[in-house]
Amino acid sequence: MLDVALASLIEDMIEKAGADGVVEFWQRVGDNLASRMGKEAYLGWTSFNVAVREGRTAFSIEGEVTPLTDMAITDVDGDVVGYLYAMRQCCYVPTLVRTRYSIGQMSAADRTVAEEYNRNVHDIAVCNFCVFHERFREEIAKNISVAGNPLACHLLATRGWSGERKISTKNLSKVNINEEHVRALLRNYECVYALVMRGARLKGDR
Amino acid sequence: MSDARIPDSNPFVEVATHLFLEDLAAKVGVAGLNNYLLSLSKNLAASMPPEEYATWAEFLGALREGHSILATFEEVRPVTERCMATLRSPFERGWREYAKRVGAFANVHREVAEYYNAKVRPTAVTSLHIVLNTFREAASLRIRVADRPVRYEPIATVWVDGTKRIPVAEKLDGVLERAGISRTKLGMLLRNHSDVWLIEPA
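Here the protein sequences come in this chain order: G and X. Here the first sequence is numbered in the numbering used here, starting from 1 and rising by one per residue. Here the second sequence is numbered in the numbering used here, starting from 1 and rising by one per residue.
The hints are simulated quantities; they were obtained by calculation from the structure and are not laboratory data. From a predicted model like this one, the values you see are computed outputs, not experimental measurements. Where is the CB? At the ideal position from N, CA and C, for every residue including glycine. No false leads were slipped in.
Calculated cross-link-like contacts (lysine-lysine; reagent style DSS-like; alpha-carbon spacing at most 25 Å): (1) G/Lys142 - X/Lys100; (2) X/Lys100 - G/Lys39; (3) G/Lys16 - X/Lys27; (4) X/Lys164 - X/Lys119; (5) G/Lys16 - X/Lys42; (6) X/Lys100 - X/Lys164.
Per the computed footprint, the stretches of chain X lying under chain G, defined by three or more beta-carbons under 8 Å from a beta-carbon of chain G, are: (7) 36–42; (8) 90–101; (9) 127–134.
Please put together the full structure from these sequences, using the hints given.
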């Protein structure tokens, strides 16, 4: 119920602080939540990916995350320094469905916040929750180390409830993943991101 | 919840919303958060379609089947014609996820409940009960049964950790009489229900 009510809170905050204020607010909430979730360390990618599958990592708070172990990211020496991860369903979709069946239509505030974020921060949001979500993942990645290396998270692609797709060319270039590969993943998944070892030198890096 | 009801939310969204409210409280204080919660609950109820029922029996059926706006977010079990019991708090999953992944619930959720208890009515254990009580009250005003408006009043609440909130003795007897249940029956209901409340023609 709180999730459905949230839209009216955001409407109210847009009136008071503007859509840019809501974006900042959501990002700060992402920082706060991540900072309260503590640190994690894994021996290597295998143990991290098992932990993701079993829902034991901080990323698991979002729901079911699939490690795409056939989509490894390698460095200049050919060593694996990351993988792609995907969610079959966006965390916010149940809220959109619940809003549809309880109220009738999602508030325009949802789109207003997403558009503000897309214009001024990163053109990847398909709903207001993406704003919080991207920052949250970026921050928790810093608190997780694999083989002693802290991670970095790059949100690559999102698919909204109505079918709208967003692909981040900026982040794809950081991990050397082909746009067509990610586009194909969006048929099955609604949110795709990469986790890579921070500071790794990827193929194509100068 | 059965398939006929709306799907459950992803608890992550609720955890994020709790953090959202905590951040808000840091800015506007406990009184300000209380006002926000009252306002968002009333807005939520106001955005839902009004309802009319020809008879009280039809209304009870809608509550039982989850068709009424009062049963949108919770599974309501009519105990008598006037007394309703909610099986599980609609906030339980979010709170459990918060406790599991984040840690102890921030104090501000109880502080704002105490503020609400002192200023509005003594029925809340956490901030979430402010939302629930205000929503039920505002939603019941959108319902007419046999052309008469409907009125809501909370009787008792048990939070997930077992904390109870029951009206003081002298007030409790009057509410229980209108609800058509005894103190013993209330105690029995509170063993395995999160909320017991009264709904009656206004």
